[in-house]
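*Asks:* All chains should be built: construct the whole structure from the sequences, respecting the hints.
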Amino acid sequence: MNSAPVPLPKRILVIKLRHHGDMLLTTPVINTLKQNWPQAEVDVLLYHETREMLSANPAIARLMTIDRQWKKQGAAVHLKHEWQLMQQLRARQYDVVINLADQWRSALATRWTGARIRLGFDFPKRRGALWRFCHTQLVPVTGHGKLHTVEQNLSLLEPLGNLQTSSQVTMSYNASDWEHVEGLLGQQAVPNDFIVVQPTSRWFFKCWTEAKMAATISALQASGYTLVLTSGPDKREQEMVANILAQCPEERVISLAGQLTLRQLAALIDHARLFIGVDSVPMHMAAALSTPCVALFGPSKLTFWRPWQVQGKVIWAGDYGTLPDPDDIDTKTDERYLDLIPVEVVINATKELLS
19 MNSAPVPLPK RILVIKLRHH GDMLLTTPVI NTLKQNWPQA EVDVLLYHET
69 REMLSANPAI ARLMTIDRQW KKQGAAVHLK HEWQLMQQLR ARQYDVVINL
119 ADQWRSALAT RWTGARIRLG FDFPKRRGAL WRFCHTQLVP VTGHGKLHTV
169 EQNLSLLEPL GNLQTSSQVT MSYNASDWEH VEGLLGQQAV PNDFIVVQPT
219 SRWFFKCWTE AKMAATISAL QASGYTLVLT SGPDKREQEM VANILAQCPE
269 ERVISLAGQL TLRQLAALID HARLFIGVDS VPMHMAAALS TPCVALFGPS
319 KLTFWRPWQV QGKVIWAGDY GTLPDPDDID TKTDERYLDL IPVEVVINAT
369 KELLS
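According to my numbering, the sequence shown is numbered sequentially starting from 19.
Worth flagging that the hints you see were computed from the coordinates, not collected in a lab. No experiment lies behind these values; they were computed from the predicted model shown. Hints may contain errors.
[Stated by the list, open to error] Below, simulated DSS-like cross-link-like pairs (lysine-lysine); rule was C-alpha separation at most 27 Å, straight line:
hint, residue 1, residue 2
1, K253, K89
2, K319, K143
3, K331, K164
4, K89, K143
5, K143, K350
6, K350, K230
7, K164, K143
8, K350, K253
9, K90, K350
10, K331, K230
11, K52, K28
*Replies:* Next comes the structure, spelled out in structure tokens:
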């Protein structure tokens with residue numbers, strides 16, 4: 019692969035069109051670009067619903083968003099939005115585009131910018147003349163099977179030369195985010211050494227059973243700790259939290275389930291003494307914020323998605339039984355694969371970190 023020093027870029031575009039956690043794990047790429055070219059403006063093209071993961075990040079100049087609701091507004095309106103976005107991208111006159119995505123629309127946007135350096139991955143499913151035409155250089159993905167997603171992302175920067183690499187994941191929020199959360203905690207007289215528990219994920223097959231989570235929370239309540247439960251706004255997630263609370267004593271536990279934005283949740287986690295959670299976006303946020311963490315993990319691909327540089331314990335369900343291949347799982351299943359993890363293992367890990 020050819021690697022040579024790159025002329026000082028004025029503007030750089032990073033493209034990633036995936037879920038919230040994926041966006042958080044792009045921040046080492048953004049940090050590396052800013053560390054090596056602090057004068058450059060770094061923009062990000064992402065899905066509109068994931069923008070809050072990066073909206074307070076001081077290293078980013080602009081967020082360009084694709085709203086997946088456009089297509090519900092009719093073909094003419096949809097095309098108008100897409101054309102306006104393409105014009106905005108072209109007007110920025112990027113020098114470098116880092117296309118971390120694997121969709122055709124990301125490749126076409128990369129080509130449309132006209133940037134003199136356009137990097138993408140040589141995905142096996144995208145090998146062909148059009149994908150090559152959209153990029154000036156493709157980076158092999160051989161070996162990615164043994165790399166964390168952060169490491170995979172950073173590998174796309176190799177053609178830019180011998181850069182100083184930052185592998186730090188960054189979750190940013192504003193002072194107003196914490197002020198809002200602090201007010202909610204004050205209303206319920208929550209002490210400063212609270213524990214955050216995120217028992218839910220958008221995919222329930224990544225969750226522990228309510229009974230086991232309730233048993234863990236009850237044990238910590240009995241030891242005098244105060245716990246704050248959180249979840250996404252989804253009705254099923256909030257019902258799960260209510261079910262857990264119904265099995266716990268009423269003292270020293272409150273619920274903020276469905277009440278916080280992602281940035282407010284980040285502020286809450288950042289001020290917590292400990293985070294306990296399943297494989298979900300908040301787990302990655304806790305690791306990024308260096309909050310001590312007990313992460314219940316499985317059956318996702320541990321190599322790719324374990325909490326990066328986590329301070330704490332990752333408890334993998336595969337150590338306590340047989341898990342299915344992640345690629346074979348029906349994501350709509352009611353199976354709780356984390357149920358393999360014993361309650362006492364989680365309680366002991368939590369108390370060890372609190373000691």
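*Asks:* For every hint, state whether the structure bears it out.
*Replies:* Comparing the hints with the structure gives:
Among the hinted pairs, K253 with K89 is consistent with the structure: their alpha-carbon atoms are about 25 Å apart, no more than 27 Å. For the suggested pair K319 and K143, the alpha carbons sit about 20 Å apart, so the restraint of at most 27 Å is met. A hinted pair counts as satisfied when its Cα atoms are at most 27 Å apart, and K331 with K164 qualifies at roughly 21 Å. Simply put, K89 and K143 have alpha-carbon atoms about 25 Å apart, close enough for the 27 Å limit, and the pair holds.
This hinted pair checks out: K143 and K350 have alpha carbons roughly 26 Å apart, not beyond 27 Å. Taking the CA atoms of K350 and K230, the gap is near 21 Å; set against the 27 Å cutoff, the hint holds. Restraint check: the Cα-Cα separation between K164 and K143 comes to about 19 Å, which is no more than 27 Å; the hinted pair holds. For the hint linking K350 to K253, the alpha-carbon distance of about 16 Å falls within 27 Å, and the restraint holds.
A distance of roughly 24 Å separates the Cα atoms of K90 and K350; the hinted pair therefore holds under the 27 Å criterion. Pair hint K331 plus K230 holds up; C-alpha atoms about 18 Å apart against a cutoff of 27 Å. The straight-line distance between the Cα atoms of K52 and K28 is roughly 11 Å, inside the 27 Å bound, and the hint therefore holds.
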